[in-house]
Every structure is written in C-alpha cells, then in structure tokens.
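Going down the list, the sequences are from chains L and P. According to my numbering, the residues represented by the first sequence are 1 to 283, in order. According to my numbering, the residues represented by the second sequence are 1001 to 1271, in order.
Hints should not be assumed to be uniformly reliable.
[Said to hold, decoys possible] Label-pair restraints from in silico Cβ distances:
1. 1035/P - 177/L: 21 to 29 Å
2. 20/L - 1035/P: 51 to 59 Å
3. 1026/P - 93/L: 20 to 28 Å
4. 56/L - 1173/P: 53 to 61 Å
5. 1173/P - 57/L: 42 to 50 Å
6. 1035/P - 58/L: 50 to 58 Å
7. 56/L - 1124/P: 36 to 44 Å
8. 1213/P - 53/L: 39 to 47 Å
9. 1153/P - 53/L: 43 to 51 Å
10. 1173/P - 102/L: 57 to 65 Å
11. 1227/P - 102/L: 49 to 57 Å
12. 1175/P - 189/L: 33 to 41 Å
13. 95/L - 1013/P: 43 to 51 Å
[As the list claims (entries may be wrong)] Distance condition first, Cα-Cα at most 30 Å in a straight line; then the derived DSS-like pairs of lysine-lysine:
14. 1093/P - 1160/P
15. 1037/P - 5/L
16. 97/L - 1037/P
The hints are simulated quantities; they were obtained by calculation from the structure and are not laboratory data. In this text, a Cβ means the ideal position worked out from N, Cα and C, and glycines have one as well.
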Amino acid sequence: MENRKRIAILMGPPALFLGFLFVLPLAIMAVYTFRAGTFGAEREVFTLANYREFLSSPSYIRLLWRSTGVAFVVSLLSVALAYPLAYFLAFRVRTRKVILLTILIVPAWTSYLLRILAWRLILGSNGVLNSILLSLGLIDEASPILLYSMTAVTITLTYVWIPFVALPIFASLERINRSVLEAAADLGCAPWQAFLRVTLPLSMPGVLAGFFFVFIPTLGEYVTPLLVGGARGIMYGNLIQDQFVRALNWPLGSIMSLAMLLVALLMMALFLRVVRVSDLVEA
Amino acid sequence: MQPRRLTSFNFWYFVIFTVALYLPLLLLIIFSFNDAKALVFPLQGFTTRWYGEMLRTTELVGSLWNSVLLGVASSLAATILGTMAAIGVVRYKFPGRGLFVAVAAMPLVIPYVVLAVAMLLLFSQLNIPLSLWTVGLGHVIINIPLVMLIVAARLIGMDKNLEEAAMDLGATYWSTLARVTLPIAFPAMVAAFLVSFTSSFDEFALAFFLIGPDPTLPVYIYSQLRFPSRLPIIVTMASVIMVVSVLMIVFSEYVRRWGNTPAGPRSEGAQ
C-alpha cells in the first residue's frame, strides 16, 4: 500500500498533464470532425457532411498519398545515404569515435528553418547553383532550375535528416558482436556476403528506427514545402495548415489531421511488428 | 581484415559527405560577412555591419529572449515530469503502466502539425488566449518522451541494490530518492534538459500554430523570410546561433560522458 501512494505521487502529475494536454486535445479534435462549422451556431450542429466532403474529394486523398510517397522516398534516401557514414564510424574508426560522431551530428542541431533557408539560397534563381552554372557558361540566364518543385523539397528534407538517421544506425552497428563477423569470415564468407547476410540484418533495428524517425515528421511537413516547394511542391501538411489558418474550416481540418494520424499509426503498427521497442530505447 | 580499398571508399565517403553537410551552413556564415543586401554571388567585400545591425534590431533580440525563456521553462517542466514518470515506470509495475508508456511515447510518432492543431482546438474551446505559455505547454508534451527515454536508460543501468541498501540503513523512500536515486540520475537529467532545450529552441511547426503576439525566434525568422532586405540580418543571426549550438552540443556531449563513466564498465575498449 506504501507502494501505491508512491506510484500515485510519481505518476499522477505526468499522467494528468498528458491526459489534459495531449489526450483531451485529440478527443476534442475527434469531436470536431462532426461539427457543421467552426464558429457560432453551426459549431453546435453535428453532421457527417465533413466526412462526405473529405472522402469525395480525390484531390485531398491524392495529396495524402503523395505526401506518404514523398515521406517514403525521403526516408529511404536518408537511410541509404546515412548508412555508409554510420558504418564507417562503427567499423573503421578506432579512436576519436565520439568526436567524429559529434561532427556529424552538429548540423542537425542548428536551426532547421535556417538550413532550409540555406538550400533556398543554393537552389534559388539568384542562388549559388545558378551563379556557378552562369559563370561556367552552361546556362544563359538565371532560372530557378530546382527551386519550387517536389525535387527541391526532397533534397532539402533529405539533407536535413541525414545526421539524425546516422545516429540510430550507428548505435545498432556498434552493438553487433564482432566475433559473429569473424565467424562469418572464418567460415568462408566473402566480405560483401558477410555484410549482406550478417551485418545488414543485425543492423535492421537501427535502420528501421532511422527510417521511422524521418517518415513521421516528413509526412506532417508543411514548412519546407512553403519555403522551397512552391505550388508544385505542396504537401498534405499544407492542406491542414490552410484549413486552420486561412480557410478556417476546422472540422474539415480535423478530419484531414485524423486521416494523417491514421497513416502514421498504421506505419507504426507495421513497424512494431518488426522491431522491439527495447531496441529503440537503446538506440 | 577487410581489403584496404573498402576502408578508403568509406573514409572518402565520410569526408565528402561531412563537408557537404557543412557547406550550406558555411554559406550562411559567408553571407553574414558579405557587404551586400542581396545574398548572391559574387561576394561584395568583408563587413561586420550586419552584426551591429542585428544587435540593434530590437524585435530580433526580443524574440531571442522569448525563445531562451521558453526553452528553459518548458525544458525544466519536461525534465521534472519526465523524470517522475521514468522513475515510476522503471521501478514499479502497476495497472495502466503499458498504456501510460504508449500515450507518453505517442508525441514521437505523431506529426507535429496534428498535435499543434489539436492543442489549438483545446485552447480555443477553453478560451485560453494564445501566447508563449501555450507554445510552452506544447513543447513540454513533445519533450516528455525524450526525457523519459534518456532518464529511464540511466535508471535501468543503475544498481538497484544502492536504493535497497539506503532503505535497509533506515532512509525513508523519499530521502532515498532525493539522496541516492536523483544524484545518480542527475547527469541524465542534465542531458535530457539540454536535449529538450535545443529541440524547444529550434521548434517551429508547433509554435507557428500556438504562438500569440510575442514571437519566438523561429517564428520571427519565418516572418522575416518574406522580406529580402531583412535576410542579411537573419543570416547573421543564423551564424551566431550555429556557433552557440556547436558549443552547446559539445558541452552536452561532455555532460553525457561524465554521466556515463561512474555507471559501470562502459565498453569503450572491451567488447
């Protein structure tokens, strides 16, 4: 019974805080999806019209799929590009491991908006890339070759995430018992075979963790599209932002948010079938 | 031993990639010393006037101050709440424990835009005006899982016998917590606080929806991106923040390692 009091004192405040400021808002959002309007009398009317509007608008759903696709591509690219970095740190570096890891991570801790801004300066029509191409005589006049497109969004986001992804992959590579690799070599495995059949499978928890930590924020991304995406680079997050900030159609925005939440949770459920949570804690 | 050429491929990949990661940041620093309003090449000459103008831009300095205050307050709250939860979850089994962990970890798997609009709905329902406080509450929510992960890892690694010994010697539970558990968890708490602070300081997606009339630094920066003439000052600010961030990460790495040393044999050389 002494224990019960301790648990109540320790867990009470965080549980209340999360219940009131995290669970309750999601519940209010779920209720909002049924409201007929954002303000006034309409707000008190409950209807299914919002669901009909959402489900009958192919453009919303298409954008959700497109954003899911972009999140997939960005996650895959980040993992593929970060893997050799993590591999190098885990297997090839003996001394100064922490310093090299810190060097790799530092860009991730500098302002996210400003790293995006840097890419705008690189890709823009007066940007670095154009200046270089102009001075080399490869193009005649400055044009925003890459800026304002889905490609720009993909490049920028991949750049932003690579250091983050390298971290969990590095952690899972570090945990691989080196004698397993020696055993593979002793049994006649070529290095690439050992990599494909021993190292890679053993590092999968880190790879998946990295993939997931990129996938979720990219799925909800609305800032990068605003800054480098332009009209051709908008994502589903911009749709939600628009409903809440400009169109002020909160019920529709709530449905859009819940749909995105559903995609995120489905991905998480798939993910948890493959990886144990304890692996993530260590990464 | 693997063939030599694999090693050098990996090495060069690492070097080239790290340089590539730093080039955009370097670009911002170069432009902060460039004597021109437009951020384009060729460079116009060296100046430090943007640094002077930056300090005279009161809104910028004000928003920086807001962000520091917000970061400290919200990280402090997240560290306290997250540590309490970590101790409870690691040391006790109770009904609803699994549910609590699942709910507390959920902000990690929810796109921030969803969390932001949900909290916006709550505050409007309760007629709470948006301000730095509402942003701060959002930041506490997103930082609690980070704190829990970091502190729980430390508590799991700690020798439970120490707590039992203290209680056997007559200490009450709460004095054991205050004089044994918390001091051992302290380095992890400091690291968790620093991680929370950096994530709050840089956070834009939530702040954009939950901010009132007083902007945080990222919100202010975002509002200035529309005005090309303001960019040099923003870029200058970026350079300063970058240098400070580097110092902070080095410091927090130092704290983390200081925290890891007495916990037990760290497998640095042995494996």
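Results for each hint:
A beta carbon spacing of about 57 Å between residue 1035/P and residue 177/L contradicts the range 21 to 29 Å that was offered as a hint. Residue 20/L and residue 1035/P have their C-beta atoms about 53 Å apart, which keeps the hinted 51 to 59 Å range intact. Range check, residue 1026/P to residue 93/L: about 24 Å between beta-carbon atoms, so the 20 to 28 Å window is met. Our hint of 53 to 61 Å for residue 56/L and residue 1173/P holds, since their Cβ atoms are close to 59 Å apart.
Separated by about 58 Å at the C-beta atoms, residue 1173/P and residue 57/L break the suggested range of 42 to 50 Å. Residue 1035/P and residue 58/L have their C-beta atoms about 52 Å apart, which keeps the hinted 50 to 58 Å range intact. Here the CB-CB span from residue 56/L to residue 1124/P is close to 28 Å, at odds with the stated 36 to 44 Å. Hint check: residue 1213/P to residue 53/L, Cβ distance near 33 Å, so the stated range 39 to 47 Å is violated.
Residue 1153/P and residue 53/L have their C-beta atoms about 46 Å apart, which keeps the hinted 43 to 51 Å range intact. Take residue 1173/P and residue 102/L: their Cβ atoms lie about 39 Å apart, and the range 57 to 65 Å is violated. Checked against the given bound of 49 to 57 Å, the beta carbons of residue 1227/P and residue 102/L, roughly 35 Å apart, lie outside it. Checked against the hint of 33 to 41 Å, the C-beta distance between residue 1175/P and residue 189/L comes to roughly 57 Å, which is inconsistent with it.
At roughly 19 Å, the beta carbons of residue 95/L and residue 1013/P sit outside the given window of 43 to 51 Å. With a C-alpha separation of about 15 Å, the suggested pairing of residue 1093/P with residue 1160/P holds against the 30 Å cut-off. A threshold of 30 Å between alpha carbons decides the hint, and for residue 1037/P with residue 5/L the separation of about 63 Å lies outside it, so the pair is violated. Between residue 97/L and residue 1037/P the alpha-carbon distance is near 41 Å, which puts this suggested pair outside the 30 Å criterion.
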